[in-house]
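S.K.: Our numbering numbers the first residue of the sequence shown as 1 and each following residue consecutively.
Please keep in mind that the hints were generated in silico from the structure rather than gathered at the bench. Treat the hints with care, since some could be wrong.
DEER-style ranges, computed between Cβ atoms [said to hold, decoys possible]:
hint, residue 1, residue 2, range
1, 78, 36, 16 to 24 Å
2, 47, 144, 19 to 27 Å
3, 161, 41, 20 to 28 Å
4, 158, 124, 27 to 35 Å
5, 43, 129, 36 to 44 Å
Computed from a prediction, not measured in an experiment: that's the story for all the values here. A virtual CB, placed ideally from N, CA and C, is assigned to each residue, including glycine.
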Amino acid sequence: MREGPAEVVPGLYAGPGCVDLEEWGVDVSLIVTLDPTCPAEHPRARRVVYPVRDMEVEPVRNVAMAMASIARELERGGKVYVHCYAGCGRTGTVVSGYLVLFKGMTPEEAVQAFEAVRGCGPESEEQLMFLDLLHLMRKRMRPWDVIRELAESLGLGDLMGRA
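Please model the entire structure based on the sequences and the hints provided.
M.R.: What follows is the structure, given as structure tokens:
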């Protein structure tokens, strides 16, 4: 696992919490925090907090909002840093999910892209299953429609029942 922040695709960085991004030379406009117990810091960045349980994708609504925040900020020309505690499982799932939905990657390609720069990635069967589900949904819906469906779902079990 890489110690600090890493750029996954242009403008999208991922890594651990409890880091000062300025000290690492990473300049971002938005920090997406998935684990508020150990926030990353940058003096000029806005922060959004969408807590996600360790080793899971619940609440799914928070994962959806995190991916939507990434997409909006990058579309505006901003730069985004996504983190949980270690910057692996939850971060890898959210960033890989963004790549599946908005960059057209397969789950395997997205996870490989993440792991290539972070040295770690999604850690549980549930997280990998979620990425497969996103890919299936993306085949029949536009990215923002998938986000809307995720945000309205009751959780992973509910989504699997709809797929």
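S.K.: Run the structure past the numbered hints and jot down the numbers of the failing ones, going up.
M.R.: 3, 4
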